[in-house]
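**Q** Here's the letter readout for the chains.
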Amino acid sequence: MSGVRALVGTRKGAFVLTADATREQWDISGPHFAGWEIYHLTGSPLDPNRVYASQSTGWFGQLIQRSNDGGRTWEPMGNEFQYDGVPGTHQWYDGTPHPWEFARVWHLEPSPADPDTIYAGVEDAALFRSIDGGQTWNELSGLRAHGSGSSWQPGAGGMCLHTIVLDPDHPERIFVAISAAGVFRTDDAGETWRPANRGLQSEGIPDSDAEVGHCVHRIAMHPSRPDVLFMQKHWDVMRSDDAGDSWHEVSGNLPSDFGFPIEVHAHEPDTIYVVPIKSDSEHYPPDGKLRVYRSRTGGNEWEPLTKGLPQSDCYVNVLRDAMAVDSLDSCGVYFGTTGGQVYASTDAGDSWAPIVRDLPAVLSVEVQTLA
Amino acid sequence: MIRVVLPAHLRTLADVDGEVELDIEGQATPRVVLDALEARYPMLRGTIRDHETQQRRAFLRFFGCGEDLSHEPPDAPLPDAIAVGAEPFLIVGAMAGG
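Residue numbers (this note's numbering), protein chains in the order written: chain Z, 1 to 371; chain E, 1001 to 1098.
Some clues are possibly wrong.
To be verified - DEER-style ranges, computed between Cβ atoms:
#1 Z:P99 to E:P1074: 42 to 52 Å
#2 Z:Q135 to E:P1074: 24 to 34 Å
#3 Z:N138 to E:T1053: 18 to 28 Å
#4 Z:Q201 to E:D1075: 30 to 40 Å
Claimed, not checked - Every beta carbon over 10 Å from chain Z, so not counted as near; a handful from chain E, in silico:
#5 V1016
#6 E1019
#7 E1021
#8 Q1027
#9 T1029
#10 V1032
#11 E1038
#12 G1046
#13 R1057
#14 C1065
#15 H1071
#16 E1087
#17 L1090
By construction, these hints were calculated from the structure, which means they are not laboratory data. Every residue, glycine too, gets a C-beta built ideally from N, C-alpha and C.
Build the full structure now, drawing on both the sequences and the hints.
**A** Written out as structure tokens, the structure is:
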């Protein structure tokens, strides 16, 4: 029987939410790794029972956990993330050189082609790869070495590589996004990289259309159309139709074009979702109304989705990795909030209901569609 | 025999209850104790000391015999009472955060 499994990372542990295909009754398992920050949980597309978790605290540092039974039991994997060679420096908030220091893994991205290959995006920004199921990790250092690395500066949340998008048609092509450096693309499996930020405008940097320095919050791709990318930037929702060679704004009629997540419908490559947030200093929905906005035209024309979501006195945030879709016939859309709610829609966003209301602050939501 | 008390989160990670008892050879020092601890429980590597620098993680402390041993050199002898197992070597999560 088909069903879904939502993998939820929070400030104080991981939760695994499961339901059958009706998505009406949910079983909630957790907290796993109670008391630890779980920045991201995700499953292998090739082996859904293989689930990875990024587990960290300020006390004990970084751990990577792996489950081979869908999140019921876990085993610690390798946690040594050594920068390749002499790490060098990037810019600190005050513009001074600052040594590259590993802080944590923000995002894990399993390969769609090999169950033992998985990528990790880390803070301070770098991309690591494991080809043995998470036991050992090696940096793809061409990213930091491509030339601009020494000029990268951290965003407010740290200098993190938070988004990894793998092109299903071109296995050597990978997109990553870094706050606050921008998007980078490799076409040779990580050996060499180039910035992919042309068309981005950021008022918070001295040269508003600089090659690097943009605070990109998230990028998303539909696997059937890998040359089309959608981006939620610090401000602005953007679209690229040429695999990141150029971007144009598609914020259109959004009430605010600030936000964190952006997601694409599982079956409609031009249907996209964002959660507008009031501003960079006011990380909550405009007017206290939690509204997901959906565009069915690939941007510019947006409709608010409010049914079942709080429309007064709501001041939560939805973080960049905290939105996901399932691939059942009627596409499910899910997101978690900093207030600990996980909302689900089984009708592509037309209506919403909470799966759970009182978790710790949600950092990430991934959803697996199970056969 | 050295007795080591881990903080609760690391006991969970290492899947141990109560104290850990380690047999070591030679002089008991923080480095020798931690090397032996990590050899028996490899999942603890990186959680107490940095993988590369071997520096104690900032929010951990080493206590023993009522003293803060955190700032002792890693190769300094531990107090005799710890070395003979009369007192435990305490690895403690610092009071930080909320």
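**Q** Can you name, in rising order, the numbers of the hints this structure does not satisfy?
**A** Numbers 1, 4, 12 and 13 - these are the hints that the structure violates, sorted from lowest upward.
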